[in-house]
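Novice: Got two chains here, each in a separate frame; can you build the complex from them with the hints?
In order, the protein sequence lines correspond to chains A and B. Quick note on this note's numbering: the first sequence kicks off at 1 and runs consecutively. Quick note on this note's numbering: the second sequence kicks off at 1001 and runs consecutively.
What the hints contain is simulated information worked out from the structure, not anything from laboratory work. Treat the hints with caution; some may be incorrect.
[As the list claims (entries may be wrong)] Cross-link-like lysine-lysine pairs, in silico, BS3-like; alpha carbons within 25 angstroms at most:
1. A/K251 with B/K1066
2. A/K246 with B/K1096
3. A/K146 with A/K180
4. A/K537 with A/K488
5. A/K246 with B/K1066
6. B/K1066 with A/K221
7. A/K251 with B/K1096
8. A/K180 with A/K66
[Stated by the list, open to error] Computed footprint of chain B on chain A, listed as stretches where at least three residues anywhere in the stretch have a Cβ under 8 angstroms from a Cβ of chain B:
9. 117 to 126
10. 247 to 255
Values in this document were obtained by computation on a predicted structure and should not be read as measured data. For glycine and all other residues, C-beta sits at the position ideal for the given N, C-alpha and C.
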Amino acid sequence: MAGLATTFGSGAMTNSINEIENAQVILLIGSNTSEAHPQVARRIFTAMDRGARLIVIDPRRTLMAKRADIHLPIRPGTDIPLLNAMMRVILDENLADDLFIEMRTENFYGLRDMLFRFDLEETVRLTGVDLARIRAAAQLYGRAQKAVICYCLGITQHVCGTGNVQAIANLAMLTGHVEKEDTGVDPLRGQNNVQGACDMGALPNVFPSYQQVDIDDYREKFERAWHASLPGQPGLTLMQMTHGGKNGPLKAMFIMGENPVLSDPVSDRVEETLDNLEFLLVADIFLTETARRAHVVLPAASFAEKTGTFTNSERRVQMVRRVIPPLGQSRTDSDIIMDLAGRLGYAMDYESPAEIMEEISMLAPIYGGMQHDRLENSWGLQWPCWDRSHPGTPFLHKYYFTRGRGRFTPVVHEPPAELPDDDYPFLLNTGRIYHQYHTGTMSRHSALLSREAGEALLQLHPEDGRRLGVRSGDLLRMRSRRGEVQVKAELTETVRPGEVYTTFHFSEMPVNRLTISAQDHFSQCPEYKICAVHLEKV
Amino acid sequence: MHDVLTTCVYCGCGCGLYLHEHRGRVTGSSPSRNHPVSRNNLCVKGWHLHEFIHHPSRLTEPLMRKNGRLTPVSWDEAMNCAARELGRIAAASDGKAVGLLSSAKCTNEENYLLQKLARAVLHTNNIDHCARL
Ligand code: SF4
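Excised from the complex, chain B in its bound form (with noise of 0.2 angstroms):
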């Protein structure tokens, strides 16, 4: 068992806590007690932040749609279609008409790398996230 210290993903505050790891589970959270905005104090999502972590209807397999379905496939099947489409109707629009949408909850490093796919490799500047939301 160990406490692992990270950052609330719940609103833009930013508290710090830590995770509590036992056997492979998220099992809690409790405030840091010198981080300068949590304080020793989190709002009720702080204290539940690791209840869905494990919640059974995680996606824990890539899925492409197959006669109108969503059917679980191999990362490189699902991988290599979307590199091929994505590749394709980008080359045939100069970058035109593929859109990437980036998320408020991904990290620092995960946005950056997604604007640099987009512009760099999609030659694209259709990306957004939901900032205005």
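Same shape as in the complex, but just chain A (with noise of 0.2 angstroms):
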């Protein structure tokens, strides 16, 4: 989430998910919603059937493209041409909020400079998308009162995702619909607790509460508070741990409830990381395809056996409760870190969850009046809340933005590393479906969701199936520069001609040997969203 931190100064959800009830246009970019948020897409529909309108930006016509009042089917990977030439429509048409503009941002003529340098015909030879939809889509959201974007790993899983959200974030700037209630840009967060392990600093530049570990007054706030002396230069992000191969700057391991063999891309090149390691360590539930490679395997504690919070998209910390004692010989996460911790020499001796979260909101200020037990007799509290009187925080920037004034930073399009050619024709997009969640560790062992959606089928539109001579159920090879695997066709008009889409869910069909490991430049997000592939029938 580094685009929106950037601009405005904090990368999560500005609104709640009760907000988006009483939006009057909401814009989807990226986000199969009703699959991957089921809640949030609920909202959405209230919101319709308030009078809301629905713009849906998505190269397939999932079902939320199908509800839409205008979609825009782009092709994969020119979200930025898109987004400007909108930016290009509302500023041609004066629906830009000079008030707002004035008053809360800073470069806004950096910004007018490119896009008035910007060829709109261009970007309909980019996009694949006609000037008309465009317009109407940039004259519905311009002249709200209330709009809501949302976006999720459609935006973020590419090449330039930091710039597809900065240039949403201009969007919602040029137009002032940020600051208020029941209006703001809202990234939807994949798993149930990304934001939390963000603001935990489970990263390898920042503290909790986002305090940088190269600034020195940071630095020392911690070292004090933990008696240690701690390293000051950012560390390795999860692809540079995990795509190293045999001379890879890691010798040693410790992975905690991930199962990087499924979820990451080039799934050939993270196995032969691990296998390359002196040692691995890994505490799951179940022996997931990572755990099979580790030296030591810990088994931990499912959710129903802790006590914790959580941290949803919304910003809001909840409770966690322990149902039932860990089964067999597990142990929580946390009994084994303090284990851990004090066998290597560093007492770690915490009676409770709760004194964590106390240590926490001592340490991380928008997390400062969090203690468990204010958590325990309410719905949870939204963050920043800074003391134990703050009630916390259902929409950020009401008077300012986090980083004082939002900035415009103008982007241009960075066409995706690689594309379908002679040789490769298809272009192939991944994501996640109803039933399943993630690598399946927890889901596919739940008899219910394993019959709904058991196996990985790959959407093909009739048409490409007609070419191959492949009916629905038949098996096809998918191969890419980089692997090979065997998947089963389902024949829908979702995905367009010339374009695939299947899901990670499924270790039997690792999509991920043939992902790409090229990267965001910024976030470093690997763009799962586009790769080119070959298929033939088995």
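Specialist: Okay, here's the thing in structure tokens:
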């Protein structure tokens, strides 16, 4: 979420989920909301029942796209020119919010100059969307009093992911659609506690509450609190750690509750990296593909066996409560970490998760007023929550942006790292489906969820199906420059000719053998959404 | 039998729901009526949230690789080995050759402790999670 942080100063949903119901216009970009965020989709449908209009930017005809007032079926990877075109229309038709731009933002002229040099006809060629539709969408969004933009991994998982997010932020600021209730920019987070893991500083460059490790004041504060000297150089990112290969930078890893063999791109490379470690420690609830490669595997407790907090997409910190004791000999991850620290000569003796949270609230200003006793007696609190008397914050940036003024950052189109050609004529896109979750570590162990969606299917347009001589249910061999898998075809008009789509939940069809490791330059998010593949009937 | 209010783990919406406990087993779930996100409603993943908890292939004992095979061992043996190896490699490289991956499925408290372990104990900022995925 680097893009939103550079523009607004904070990388989280600016609204609460319930505010979406009151929006007049909702712009969805790269989000298959009804499958990945059902409760958000429910709010969007409620808003539409109350008369709201829905604009969907998505290469596929998803359920949301079918319900939309305007669907812009763009070529994958061309979000930036499309958003720039919408902004140009907004400028040309005087729909910009001049007062907001004047009072609350900076570098507007940088953006304006870029947009005035911008060729609208060129956009049509790049995005494959006709100008009339782009114009209609821009007018609808620009004229609304209350408008919300929701985006998801369809925006961030590109080489230009950060640029995509900045373009979205530019559009929202240009029309003044940020600072109010029921109005804003909302990144929908993929996994249940991604927001919390970021807030807690499970990132190579920041301590909890986004305090940078290379700023002396912050580091000294944590050194005093933790009684230890701390490294000041930002560390390696996930991709740098898991894609080093034989001569990678790491000799030992501790992986807690993640399954990078299945979730990360170019799985062969991940396997090679893990197999070449001197020592791999994994803590998980099941023997995942990653755990199978470990030297030591620790049985962890599931969420029903521990107490703590999760932070949802709308920054709401809420309780997770223990229902039963850990199964068998399994232990909670906190117990494992405290034990490990003790054996390494550093005492971590917390009586309870509540005591850990107390330490967090002293060191992480946005969690300043979050203590378990307060969370116990409410539906949670939304950060920032500065102290014990603070009620929490339903929507962000009320009178000023976290970074002071919002900054317009002009961005231009950057083509995807790999596009279809004669040898690999299809464009492969990957994502999630309704009945499964992430790498399936939990959801595939659920009887019903597996009955409803037990195997991976490759969505293929019927026209392409005819050309290849395949019908729904036929087995296809799918090959990219990096690897090959076999997968069953599902003919559907959800995808367009020349484009195919599948999911990464299933280890029998490890689609990340095919995907590329090209990443966004700033956030290092891998480009899962686009790579070129060749298909043939088996 | 009793119900415990908790939070769904299957997506970033964060529905509030009750898990039903019966004789030491989690047997079902139901939505919270007044929770601001769930408002008496769950999606199919939330309704079947309990199903993986008692799955027979849950890991219940520590495993260690011996002669190439993962073999059950005591907690003490597993933890001693883990601490020795992580400590040795971290000390020899001043933290540069160890890396930790935290989880977006773990709690805030656990994520906090893991990054504290990385930074204060193993002396490395090589810590990340799947935020970008
Ligand atoms: S019940 Fe469904 S919508 Fe609610 S948090 Fe769980 S997965 Fe998300």
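Novice: Quickly compare the C-alpha distance for A/K146 and A/K180 to 25 angstroms and report which way the hint goes.
Specialist: holds, 8 angstroms
Novice: Starting from A/K180, check that the Cα of A/K66 is at most 25 angstroms away, please.
Specialist: Roughly 29 angstroms separates the two Cα atoms, so the pair is violated.
Novice: Holds or violated: are the alpha carbons of A/K537 and A/K488 at most 25 angstroms from each other?
Specialist: holds, 10 angstroms
Novice: Assess, step by step, whether the Cα of A/K251 is no farther than 25 angstroms from the Cα of B/K1066, and give holds or violated.
Specialist: holds, 19 angstroms
Novice: Is the Cα-Cα distance between B/K1066 and A/K221 25 angstroms or less?
Specialist: Violated - the C-alpha atoms of A/K221 and B/K1066 are around 43 angstroms apart, more than 25 angstroms.
Novice: Would you say the segment 117 to 126 of chain A counts as covered by chain B, given the rule of at least 3 residues with C-beta under 8 angstroms?
Specialist: With 0 residues close enough to chain B, the hint is violated.
Novice: Quickly compare the C-alpha distance for A/K251 and B/K1096 to 25 angstroms and report which way the hint goes.
Specialist: The given pair, whose Cα atoms are some 9 angstroms apart, holds under the 25 angstroms limit.
Novice: Quick one, are A/K246 and B/K1096 close enough, alpha carbons at most 25 angstroms?
Specialist: holds, 16 angstroms
Novice: Taking 25 angstroms as the top limit, are the C-alpha atoms of A/K246 and B/K1066 close enough?
Specialist: holds, 23 angstroms
Novice: When I compare C-beta atoms, does the segment 247 to 255 of chain A have three or more residues closer than 8 angstroms to chain B?
Specialist: holds (count 7)
Violated hints for the displayed structure, listed by number in ascending order: 6, 8 and 9.
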